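Participant: Position chain B relative to chain A; hints supplied.
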Amino acid sequence: MSLNTQLIRSLKAPARPVWEEPPSKAGLTAKGGFLVLCCLGVLGPLWIVIVTSLSPKPVIDEVGGLVVIPQGITFVNYTELLSGGQVSRAIMVSVGVTLAGTLFSMTVSVLAAYGLSRPGSLGHRFFLMAMMATMFFGAGLIPTYLLVQSLGLTDTYLSLILPSAVSVFNILVLRAFFMGISPELTESARIDGAGEMRILLTIIVPLSRAVLAVISLFYAVGYWSAWFNASIYLNDQEMMPLQNVLIQLVQKNTEAPTGLQQAVRTGQLSALGLQMAVMVLALIPVAVASPFVQRHFKKGMLTGAIKG
Amino acid sequence: MSLTAGSRPDGTRPAAVVEEPRAAVAGATAKESVPRRTAKAGKVPFRVRWRRDRALILMTSPVIALLLLFNYVPLLGNVVAFQDYDPYVSSNGITAVFHSPWVGVEQFSRMFDDPLFWSATKNTIVLFVLQLVLFFPVPIALALVINSVIRPRVRAVAQAIMYLPHFFSWVLVVTVFQQILGGAGIIAQTLEEHGWSGFDLMTDADLFKYLVTAQAVWKDAGWGIIVFLAALSAVSTDLYEAAAMDGAGRWRRMWHVTLPALRPVIALLLVLRVGDALSVGFEQFLLQRDAVGAGASEVLDTYVWNMGIQNGDFSYAAAVGLAKGLIGVCLVLGANKFAHLLGEQGVYKK
Numbered sequence: 001m002s003l004n005t006q007l008i009r010s011l012k013a014p015a016r017p018v019w020e021e022p023p024s025k026a027g028l029t030a031k032g033g034f035l036v037l038c039c040l041g042v043l044g045p046l047w048i049v050i051v052t053s054l055s056p057k058p059v060i061d062e063v064g065g066l067v068v069i070p071q072g073i074t075f076v077n078y079t080e081l082l083s084g085g086q087v088s089r090a091i092m093v094s095v096g097v098t099l100a101g102t103l104f105s106m107t108v109s110v111l112a113a114y115g116l117s118r119p120g121s122l123g124h125r126f127f128l129m130a131m132m133a134t135m136f137f138g139a140g141l142i143p144t145y146l147l148v149q150s151l152g153l154t155d156t157y158l159s160l161i162l163p164s165a166v167s168v169f170n171i172l173v174l175r176a177f178f179m180g181i182s183p184e185l186t187e188s189a190r191i192d193g194a195g196e197m198r199i200l201l202t203i204i205v206p207l208s209r210a211v212l213a214v215i216s217l218f219y220a221v222g223y224w225s226a227w228f229n230a231s232i233y234l235n236d237q238e239m240m241p242l243q244n245v246l247i248q249l250v251q252k253n254t255e256a257p258t259g260l261q262q263a264v265r266t267g268q269l270s271a272l273g274l275q276m277a278v279m280v281l282a283l284i285p286v287a288v289a290s291p292f293v294q295r296h297f298k299k300g301m302l303t304g305a306i307k308g
Numbered sequence: 001m002s003l004t005a006g007s008r009p010d011g012t013r014p015a016a017v018v019e020e021p022r023a024a025v026a027g028a029t030a031k032e033s034v035p036r037r038t039a040k041a042g043k044v045p046f047r048v049r050w051r052r053d054r055a056l057i058l059m060t061s062p063v064i065a066l067l068l069l070f071n072y073v074p075l076l077g078n079v080v081a082f083q084d085y086d087p088y089v090s091s092n093g094i095t096a097v098f099h100s101p102w103v104g105v106e107q108f109s110r111m112f113d114d115p116l117f118w119s120a121t122k123n124t125i126v127l128f129v130l131q132l133v134l135f136f137p138v139p140i141a142l143a144l145v146i147n148s149v150i151r152p153r154v155r156a157v158a159q160a161i162m163y164l165p166h167f168f169s170w171v172l173v174v175t176v177f178q179q180i181l182g183g184a185g186i187i188a189q190t191l192e193e194h195g196w197s198g199f200d201l202m203t204d205a206d207l208f209k210y211l212v213t214a215q216a217v218w219k220d221a222g223w224g225i226i227v228f229l230a231a232l233s234a235v236s237t238d239l240y241e242a243a244a245m246d247g248a249g250r251w252r253r254m255w256h257v258t259l260p261a262l263r264p265v266i267a268l269l270l271v272l273r274v275g276d277a278l279s280v281g282f283e284q285f286l287l288q289r290d291a292v293g294a295g296a297s298e299v300l301d302t303y304v305w306n307m308g309i310q311n312g313d314f315s316y317a318a319a320v321g322l323a324k325g326l327i328g329v330c331l332v333l334g335a336n337k338f339a340h341l342l343g344e345q346g347v348y349k350k
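Residue numbers (full-length UniProt numbering), protein chains in the order written: chain A, 1 to 308; chain B, 1 to 350.
In short, the hints are calculated from the structure, not lab data.
The structure presented is a predicted model; accordingly, all values stated were derived computationally and were not measured.
Hints are not guaranteed to be accurate.
So the derived list for chain B, only partly shown, Cβ under 8 Å to chain A, looks like this [stated by the list, open to error]:
#: 1; residue: D53
#: 2; residue: T60
#: 3; residue: P62
#: 4; residue: L67
#: 5; residue: V73
#: 6; residue: I161
#: 7; residue: M162
#: 8; residue: V171
#: 9; residue: I180
#: 10; residue: E283
#: 11; residue: L287
#: 12; residue: W305
#: 13; residue: G308
#: 14; residue: A317
Just a sample of chain A residues kept apart from chain B, beta carbon distances all over 10 Å, derived [said to hold, decoys possible]:
#: 15; residue: F75
#: 16; residue: R89
#: 17; residue: Y157
For every residue, glycine included, the Cβ atom is placed at its ideal position computed from N, Cα and C.
Chain A on its own, in the form it takes in the complex (with noise of 0.2 Å):
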């Protein structure tokens, strides 16, 4: 009862300002017309794409491509993705170079963005100028790749994460933060006699969870969504991740992922239900995982992003 009435209140329109005059009905109705299309947009391909992966061949077949209303749902796409094969490796590939990479620029842009945080400290205005200069230029695709090829990262997960671990935006968010916490907190640990990385990790880390959270996020969903630099420093098809073997089932055309052929072909699977259970795979962990951070989103981009 007490959840009902908790969410009746919060459906419930707080007071408006005298001043403010009352909504008109037409208003209303555009306004609530347009957010539902506006969700619906979103939600729509979505719903179709899910749908179509949990749906048995025979129904596929009969509506003759990308099903709507769900009838009969399955798992056995999912079942036998995920039972080894070309789709269970590129996972594995994926969520291990996502957790790694993800550690790895956490971890250093942790690091930069508190040794950045005290004006005044020796070389602060020179490597932050030297950081935020590379903001405004790149380095462009051609050097960058030969001098990975050259570094012998070519055919490796290190050629993956390390180009593109440090994202200089993403520092500016985490120093304009951790400028905002107290010095006198910092200040009273050096007294006690902590240094930077005690004080970095016994205070400020635990006091920006939110923001470290965020910044996680968006480095995992870089991590997760890069398929680029797979596609130009791989050659071993075993190596590739999620992203890359999507874009060879829909965009090139494979009909099933290997290992799966021989099941497409005497008629077990459905090709379409295949690709748009891959789909779903890739797009799961992101579409999971936003909404839990997406209340700190506006006060992490606004510390960082405007004010920088």
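Facilitator: Coordinates of chain B only, in the frame set by chain A:
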């Protein structure tokens, strides 16, 4: 680290440029540090500062090293644009730079005579203008609508849904569009069932530019509202109240209070957008290049990729990339100058 005389963080000079969040920090420490600062302003010896701050510098160094390696070194690598670079002249790609012959600006003059380069440039500019006209106003409109919703739950849900596509990869977005709008897609099939002729938006070269703009709107318009919402939430309600007292209706309040509040943000984002004019979106075009052909989808970024990495003409591709980068920097500076002329702050201060 031991506590030496100069090791306190507030013994330092105040920052030359005080940014807003930093102002609070400076203000909080000002009380104790004022006398010392006046005594030896900026005269802390280098050795003392090094001893005091070396931990901080050590912490910053991994990022600086990475940026040096992957941003600054490749910047020097752009010299291959003035060479006839051959990666096989030496055992290593880097040392090959020292053995490749210099050709001056020959690659650039090649560029000017290259019809493919000009077609890529034309595509880039057309797409930039389209995005500016069709994409840029969408987040502003969305933010205004969301901002006028006063029920917190409705707001939160709408925002969560609109943010979502920003986190999907381009691969996913392009694939979704392909499945829905493509030749075998759901809309084409429904139309066919009802007696219309089928259509395939994904392979139509003429409609391609609208298609990619629609994709960009679908993916990022929702995300773009964040910054506008933040600017709107900073507007004082007193202004609205005063305007209402003076008899301004809903629309007049929007025109005279809300929109002026958004003006600096709009100017800032426009400057950033113009500075990025030549990078209209790389992945999106590369992914759809096969479907519509290079004629419609080739932009400068994909042209560099095609000439350099696909065809191995590194020097020429680097020259195109360098030209693009230089024009990009000029555009940022120019747009910022223009913003200053209009009385806005732009990306950086004067």
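Participant: Evaluate each hint against the coordinates.
Facilitator: Right, here's what the structure says about each hint:
no. : hint : verdict
1   : D53  : 4 Å, holds
2   : T60  : 4 Å, holds
3   : P62  : 4 Å, holds
4   : L67  : 6 Å, holds
5   : V73  : 6 Å, holds
6   : I161 : 5 Å, holds
7   : M162 : 6 Å, holds
8   : V171 : 5 Å, holds
9   : I180 : 6 Å, holds
10  : E283 : 6 Å, holds
11  : L287 : 6 Å, holds
12  : W305 : 6 Å, holds
13  : G308 : 4 Å, holds
14  : A317 : 5 Å, holds
15  : F75  : 20 Å, holds
16  : R89  : 18 Å, holds
17  : Y157 : 16 Å, holds
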